[in-house]
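**Student:** Just so we're aligned: 2 in UniProt numbering is position 2 of the sequence shown, and the numbers increase by one with no gaps anywhere.
No lab work stands behind these hints: they were computed from the structure.
Capping the alpha-carbon separation at 30 Å, the derived lysine-lysine pairs in DSSO-like fashion look like this:
hint, residue 1, residue 2
1, K186, K154
2, K371, K50
3, K245, K211
4, K89, K154
5, K286, K67
6, K286, K211
Ranges between beta-carbon positions, derived for each pair:
hint, residue 1, residue 2, range
7, A275, R212, 13 to 23 Å
8, I90, H278, 36 to 46 Å
9, Y246, A285, 26 to 36 Å
10, N203, Y246, 27 to 37 Å
11, Y105, E161, 20 to 30 Å
12, L126, L383, 12 to 22 Å
13, E368, Y246, 20 to 30 Å
14, A285, P87, 18 to 28 Å
Don't be surprised by glycine CBs; every beta carbon is placed ideally from N, CA and C.
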Amino acid sequence: MVRHDTGELIKESSPHPNSQLVVGVDLRCLQDRFGSGVATYTRLMLRAIKESPDHGFQWQIFTSGAKRPPDFSAILPDCHYRHLSIPNKILNVTMAALNRPRVNYCFPGADLIWQPNPLFLSSSNLPLFVTMHDISFVHFPQFFSPRTRLWYLKWVRRWLEHAPSNAHLLAVSRHTRDDILNHFPKWQGRVTIAPPPLPPEPNDDEVIDIKRIYGLERPFILGLGTIEPRKNINSLILAYQNFVKYYPDFDLVLAGHCQRSAKSAIFGMINESSARLHLLGYIPAKHKEAIYRAAFCLVYPSYFEGFGYPPLEAMSGGTPVIASAVTSLPEVLGAGAIFIDPYRGAEEITAALQTLASDSSVYRHYQEAGKERAAFLRRQFTLAPLFNLWRG
Numbered sequence: 001m002v003r004h005d006t007g008e009l010i011k012e013s014s015p016h017p018n019s020q021l022v023v024g025v026d027l028r029c030l031q032d033r034f035g036s037g038v039a040t041y042t043r044l045m046l047r048a049i050k051e052s053p054d055h056g057f058q059w060q061i062f063t064s065g066a067k068r069p070p071d072f073s074a075i076l077p078d079c080h081y082r083h084l085s086i087p088n089k090i091l092n093v094t095m096a097a098l099n100r101p102r103v104n105y106c107f108p109g110a111d112l113i114w115q116p117n118p119l120f121l122s123s124s125n126l127p128l129f130v131t132m133h134d135i136s137f138v139h140f141p142q143f144f145s146p147r148t149r150l151w152y153l154k155w156v157r158r159w160l161e162h163a164p165s166n167a168h169l170l171a172v173s174r175h176t177r178d179d180i181l182n183h184f185p186k187w188q189g190r191v192t193i194a195p196p197p198l199p200p201e202p203n204d205d206e207v208i209d210i211k212r213i214y215g216l217e218r219p220f221i222l223g224l225g226t227i228e229p230r231k232n233i234n235s236l237i238l239a240y241q242n243f244v245k246y247y248p249d250f251d252l253v254l255a256g257h258c259q260r261s262a263k264s265a266i267f268g269m270i271n272e273s274s275a276r277l278h279l280l281g282y283i284p285a286k287h288k289e290a291i292y293r294a295a296f297c298l299v300y301p302s303y304f305e306g307f308g309y310p311p312l313e314a315m316s317g318g319t320p321v322i323a324s325a326v327t328s329l330p331e332v333l334g335a336g337a338i339f340i341d342p343y344r345g346a347e348e349i350t351a352a353l354q355t356l357a358s359d360s361s362v363y364r365h366y367q368e369a370g371k372e373r374a375a376f377l378r379r380q381f382t383l384a385p386l387f388n389l390w391r392g
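Let's have the full structure, built from the sequences with the hints guiding it.
**Tutor:** Okay, here's the thing in structure tokens:
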């Protein structure tokens with residue numbers, strides 16, 4: 001049973017009458033309509049929590065915004081819920097400048113707070129656990145829009161430098177933990193590696209005619225993820241232009257949220273080959289598994305990743321992956337992917353594509369190696385260290 005509080009009434013009876021530990025969960029990150037990696041992580045974490053037997057916690061969910069929130073009853077039964085019908089921009093200002101609304105109003109009865117990514121929150125003495133996916137904004141501020149850069153450099157960086165004593169960081173990879181400690185040493189002893197869960201194994205019984213839905217008639221190379229400078233899509237496009245000279249049957253498919261300016265730049269790069277480029281934009285989660293399976297391979301030449309869901313999702317279904325040999329990706333993907341140097345991206349991607357296209361034994365090897373790596377990580381995942389940390 002889910003209790004919905006609109007936030008209009010301040011006085012209320014305690015929503016958590018027994019002695020179980022109450023975890024306040026900040027789910028404002030799920031209001032991203034383009035399904036970012038943070039949203040994927042959060043949904044998978046909630047699914048894992050739901051499926052974890054006898055965890056002994058109660059849940060107090062918080063969201064905000066003018067739009068009506070989704071129903072979380074299917075994700076976390078027996079949770080309590082508070083939504084503030086306040087535009088998020090206004091809420092951010094009041095939290096940052098006025099320290100209002102108070103944390104105990106947003107999360108009534110909570111013993112601790114978990115944020116799946118850092119967001120504005122009024123100061124509090126409650127234990128605060130924040131998942132950090134990466135600190136790419138420290139290394140590549142130029143990759144972010146002025147507005148996003150302001151958020152990360154003005155607020156998130158300052159918060160990390162301050163290192164409030166009630167806070168503990170959850171790093172999604174060893175690389176992220178080490179990177180945080182190298183740049184923000186005050187967090188020493190308060191950063192725990194908490195690898196994310198993987199999506200469920202692909203459903204062999206579900207058949208979606210993805211080629212018909214998106215008009216994909218020829219074999220295609222796939223790039224999937226938010227189309228932004230950090231993802232190094234330019235190198236993939238240049239590599240495709242080289243590769244297609246020798247293997248003309250292949251198209252290039254880019255799937256993920258793409259701003260209008262980026263779309264114009266992409267079509268400007270590809271020129272006469274534009275008819276062979278399929279820019280799909282954001283695709284719903286139910287189509288992702290099918291498009292991975294239909295692809296010849298996934299190319300993921302990102303300059304910086306804290307974890308990297310798309311390559312693991314592709315590997316789960318037996319699609320070979322070409323990925324950057326930087327930041328967390330070698331740690332996460334192990335021997336399941338072909339690695340390239342993103343700074344020599346076009347040249348090395350072209351060579352990797354040619355190897356996959358010309359040698360069927362190499363292609364089959366990475367089909368199996370990818371599936372084995374994804375299965376290994378799926379078996380390794382456990383919530384026990386996180387739950388023990390919360391219990392303190």
